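Just need the whole structure built from these sequences, with the hints factored in.
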Amino acid sequence: MYIHDMNASNQLFRGSLTTIILKLLSEQEKMYGYEMTKKVKELTGGELTLTEGALYPALHKMEAAGLLETTIENIGNRSRKYYHLTKKGNKEVPSKLAEMEAFFRQMQTILNLRLSTGK
Amino acid sequence: MELSDDQIERLFQFTKEQGIHYYDVQIELVDHLATNMEAAMAADETLTFPGALKKAFDSFGVAGFEDVCAEKAGAANTGEYKMLMNEAKQWLTFPRLMLLLALGSLIFYLGTVFEPVVRVYVVMVLSFGLYGYSFYISFVGNATKNLLLLSYTSFALAFAPFSPLLYVLNVGIWRGLESKPIEQMIVPVLISFALQISLCNVRRQLKQEAQSLYPEAFVKPSAATTG
Chain X
1 MYIHDMNASN
11 QLFRGSLTTI
21 ILKLLSEQEK
31 MYGYEMTKKV
41 KELTGGELTL
51 TEGALYPALH
61 KMEAAGLLET
71 TIENIGNRSR
81 KYYHLTKKGN
91 KEVPSKLAEM
101 EAFFRQMQTI
111 LNLRLSTGK
Chain B
1 MELSDDQIER
11 LFQFTKEQGI
21 HYYDVQIELV
31 DHLATNMEAA
41 MAADETLTFP
51 GALKKAFDSF
61 GVAGFEDVCA
71 EKAGAANTGE
81 YKMLMNEAKQ
91 WLTFPRLMLL
101 LALGSLIFYL
111 GTVFEPVVRV
121 YVVMVLSFGL
131 YGYSFYISFV
141 GNATKNLLLL
151 SYTSFALAFA
161 PFSPLLYVLN
171 VGIWRGLESK
181 PIEQMIVPVL
191 ISFALQISLC
201 NVRRQLKQEA
211 QSLYPEAFVK
221 PSAATTG
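Protein chains in written order, with this note's numbering: chain X, 1 to 119; chain B, 1 to 227.
Keep in mind that the hints were calculated from the coordinates and are not lab data. What you are looking at is a predicted structure, and each value in this text was computed from that prediction instead of being measured. Among the hints, erroneous ones may be present.
Simulated restraints, written as ranges between beta carbons of each label pair [unchecked claim]: (1) X:GLY46 x B:GLN90: 48 to 54 Å; (2) B:ASN77 x X:LYS23: 26 to 32 Å; (3) X:THR49 x B:GLY19: 33 to 39 Å; (4) B:GLY74 x X:ARG105: 29 to 35 Å; (5) B:ARG96 x X:LYS38: 45 to 51 Å; (6) B:GLU209 x X:THR109: 42 to 48 Å; (7) B:PRO95 x X:GLY46: 22 to 28 Å.
Using 25 Å as the maximum straight-line C-alpha spacing, the simulated PhoX-like pairs for lysine-lysine come out as follows [as the list claims (entries may be wrong)]: (8) X:LYS88 x B:LYS55; (9) B:LYS16 x X:LYS81; (10) X:LYS81 x B:LYS54; (11) X:LYS87 x X:LYS39; (12) B:LYS145 x X:LYS61; (13) X:LYS87 x B:LYS82; (14) X:LYS87 x X:LYS61; (15) B:LYS220 x X:LYS61; (16) X:LYS41 x B:LYS82; (17) B:LYS55 x X:LYS41; (18) X:LYS39 x B:LYS55; (19) B:LYS54 x X:LYS39; (20) X:LYS30 x X:LYS41.
The C-beta atom is built at its ideal place from N, Cα and C for all residues, glycine as well.
Shown next, in the form of structure tokens:
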């Protein structure tokens with residue numbers, strides 16, 4: 001029986017936040033926080049939610065690590081902070097994606113093995 | 001539906017009530033809340049401002065803004081530490097290393113040509129000069145709003161100038177001006193000067209970054225339209 005556990009999915013999802021943010025920003029030159037949460041919701045058809053409580057700490061960590069830089073733009077009666085990839089961040093994209101792909105392959109292997117022994 | 005200026009101001013007030021006192025953190029949270037609320041209010045026209053705010057704030061989870069601010073503070077601290085280390089490493093390379101060695105030699109030479117106590121006076125004058133520079137960097141043209149980006153260097157700079165001065169006081173007052181040859185302590189004094197200049201440079205770079213990102217945070221209160 002397949003049980004869809006959104007909390008469990010979100011926990012797995014949190015561990016991949018850096019890769020997701022890098023990927024989003026590699027496809028779009030600049031994005032702001034709310035836009036990222038909306039984009040992830042759109043891409044996953046609402047299945048996964050990128051919570052603000054997880055997103056902003058991840059963004060700030062990545063900024064401190066030199067992967068992201070920010071600019072502020074005035075949008076009417078408030079300011080908006082946009083995130084961009086730095087040169088270092090751009091270089092990181094392929095390696096992070098490859099790392100994630102390798103991880104999925106390994107997980108697949110492990111899970112398949114377990115499934116076959118469980119027959 | 002776009003939020004009014006007054007509603008945006010209420011959101012700034014709300015972030016303050018939630019314990020966020022740094023302007024550079026507030027503006028991101030206010031924009032996030034406002035964008036979320038505008039979308040929610042456009043989708044449901046019966047939704048009120050307080051209702052939309054509650055909904056938008058709930059999306060930050062049980063910790064509210066706490067995690068966001070804590071992580072931002074940690075990231076800022078790490079970033080500034082890295083900048084300071086990079087600045088400090090410059091003193092081990094040309095031309096700064098040569099300048100430092102030249103300064104050390106000059107202080108030593110002055111003590112041999114004149115009285116040894118002259119070295120103490122030179123260190124004292126340089127310490128006061130650096131203290132003035134630190135003071136200028138720390139307080140002149142500062143932001144009128146609290147900025148997390150500048151909070152760590154403010155703290156560090158408040159203590160930095162005292163290290164060479166403490167040495168001078170130690171030599172000059174407690175032990176007698178000539179009793180301890182300054183060349184015994186010349187390396188720690190030079191290291192202290194180098195670190196202090198590095199700290200001032202980091203502070204200057206951060207201030208420039210803050211001025212370009214948040215020019216409104218440097219507007220004097222009399223000229224500012226909002227708090």
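Each hint, compared with the structure:
1. X:GLY46 x B:GLN90: 48 to 54 Å: 51 Å, holds
2. B:ASN77 x X:LYS23: 26 to 32 Å: 28 Å, holds
3. X:THR49 x B:GLY19: 33 to 39 Å: 25 Å, violated
4. B:GLY74 x X:ARG105: 29 to 35 Å: 33 Å, holds
5. B:ARG96 x X:LYS38: 45 to 51 Å: Taking Cβ atoms as reference, ARG96 (chain B) and LYS38 (chain X) lie about 48 Å apart, which means the hint holds.
6. B:GLU209 x X:THR109: 42 to 48 Å: Holds, at about 46 Å.
7. B:PRO95 x X:GLY46: 22 to 28 Å: Given about 59 Å between the Cβ atoms, the range is violated.
8. X:LYS88 x B:LYS55: 36 Å, violated
9. B:LYS16 x X:LYS81: 19 Å, holds
10. X:LYS81 x B:LYS54: 22 Å, holds
11. X:LYS87 x X:LYS39: Measuring from Cα to Cα gives roughly 23 Å; hence the hint holds.
12. B:LYS145 x X:LYS61: Since the Cα atoms of LYS145 (chain B) and LYS61 (chain X) sit roughly 23 Å apart, the hinted pair holds (cutoff 25 Å).
13. X:LYS87 x B:LYS82: 18 Å, holds
14. X:LYS87 x X:LYS61: 16 Å, holds
15. B:LYS220 x X:LYS61: 31 Å, violated
16. X:LYS41 x B:LYS82: 35 Å, violated
17. B:LYS55 x X:LYS41: Given pair LYS55 (chain B), LYS41 (chain X) holds - Cα atoms ~17 Å apart, limit 25 Å.
18. X:LYS39 x B:LYS55: Cα-Cα ~19 Å, so holds.
19. B:LYS54 x X:LYS39: 22 Å, holds
20. X:LYS30 x X:LYS41: 18 Å, holds
Figure legend: structure checked against the earlier numbered hints; hints not met, in rising order: 3, 7, 8, 15, 16.
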